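Q: Sequence:
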Amino acid sequence: MSEQSRRPRKPAKPYRRPQKDPVRILAFEALRAVDERDAYANLVLPPLLRKAREKEGPEKFDARDAALATELVYGTLRRQGTYDAVIAACVDRPLREVDPPVLDVLSLGAHQLLGTRIPTHAAVSATVELARVVLGDGRAKFVNAVLRKVAQDDLDGWLAKVAPPYDEDPEDHLAVVHSHPRWVVSALWDSLGGGRAGIEDLLEADNERPEVTLVARPGRATTEELLREDAAVPGRWSPYAVRLAEGGEPGAVEAVREGRAGVQDEGSQLVALALAGAPIEGSDRRWLDGCAGPGGKAALLAALAAERGATLLASEKQPHRAGLVAKALAGNPGPYQVIAADGTRPPWRPGSFDRVLMDVPCTGLGALRRRPEARWRRRPEDLENFAPLQRALLRTALDSVRIGGVVGYATCSPHLAETRAVVADVLKQRPETELIDARPLLPGVPALGEGPDVQLWPHLHGTDAMYLALIRRTG
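Residue numbering for the sequence shown is 14 to 488, as defined by the working numbering.
A hint or two may mislead.
Cβ pair distances, simulated, as ranges [what the hints assert, rightly or not]:
#	residue 1	residue 2	range
1	Arg321	Arg209	44 to 50 Å
2	Lys174	Glu320	56 to 62 Å
3	Glu181	Arg443	43 to 49 Å
4	Pro453	Gly336	32 to 38 Å
5	Lys162	Asp185	43 to 49 Å
Straight-line alpha carbon distances no greater than 27 Å define the calculated DSSO-like cross-link-like pairs of lysine-lysine that follow [said to hold, decoys possible]:
#	residue 1	residue 2
6	Lys340	Lys330
7	Lys162	Lys33
8	Lys174	Lys162
9	Lys64	Lys33
10	Lys154	Lys174
11	Lys73	Lys33
12	Lys33	Lys68
13	Lys33	Lys174
14	Lys64	Lys330
Treat the hints as calculated values from the structure; they're not laboratory data. The structure presented is a predicted model; accordingly, all values stated were derived computationally and were not measured. Using N, Cα and C, we set each Cβ at its ideal position, and we do this for glycine too.
Sequences and hints are given; from them, build the entire structure.
A: Right, here's the structure in full:
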């Protein structure tokens, strides 16, 4: 018998069940929903958190658990491009060959290591435990090996390695450092008009967590009522806006639960207020929101119309979204109507309205703070798909307003192909129209450019990047 065979064998390590971490499991489930079903995190996460709060026992979430899960989901999605570049440098195969669930776990781990204050050992061990639960022991070993490589440097150190120098390729440098697709960086830069400082400020603002902004719907709620809530402060620009500090829960606000107030970005409020405040000649009795879903602008417009004895018609093509509009307008103090109709083939007669808002479908590049996953889903060809619809809807709006009335063309995108190019193309064929200077209708709001149209920016105004052109029909 050999010496080796006489040695006693080391006892095998007993199998240890993976430790379930409800917070990280929920974050992983949210990321999978975003990836597999093209869901939006802001729609997926709230019901998951609500269910977790309702549980009993150790899996029940408290406020800190909910805050951590939210940070893990949104932080991972916002920085996905940066983390992909780092992970790619730490694996021995192209990222496209890494199973998507594994990549989601790796991204969660990378965010904890590079984007939070979670200690390195805790970030690695917690993510490996998550991998054991959702992926199995074999793939958990791969996750462990990759994350140990990621942990060898901090975010600045990794960016120095994986981002090309700015002087050699400025757009690719900004894309990696600020986690935006290169084509989006290029488009935003064009819209800003050049300059490194401005584009970096904008990209950084896109990666910040947006504040929750409420709107007090006139005749139903007041800002004074909303300001009595904990950690509530006045809005910056809109007289109806109230901001909630980090961690503020809109669902806990009585006026929001009752529909007398709502969650609405201040840029969206400003668009509605500018249209309502634009000077017109003659009657001011019939208003139209031609793309009303999901109902935020329509609810504010309907309340403003009611104060003047005017009526709002809210039209939305998709029946389920028209249902959301009806819910938002329920209880409005004045008359209104909600219909499901195609804005390019409207059921109303030409020249029927005094004021028309057309907030057209778009790429949503102005709301990347709220929907960070949209930056990875959109493609340059999406612009070509939206272009005919945007022009058709603006033409409908101009047909629908009476002579002397005003149209507001709005979009939650700063891309020039969705803003000024659309307006210029349509108005070129409509000599009976004129642009109105929208800037005086946003009093107190700085940095509105040369006009007459208005582009809001996250880094300058703290709003979504809403665009607005006001057009008067003159003949």
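Q: Tell me, which hint numbers fail for this structure?
A: 5, 13 and 14
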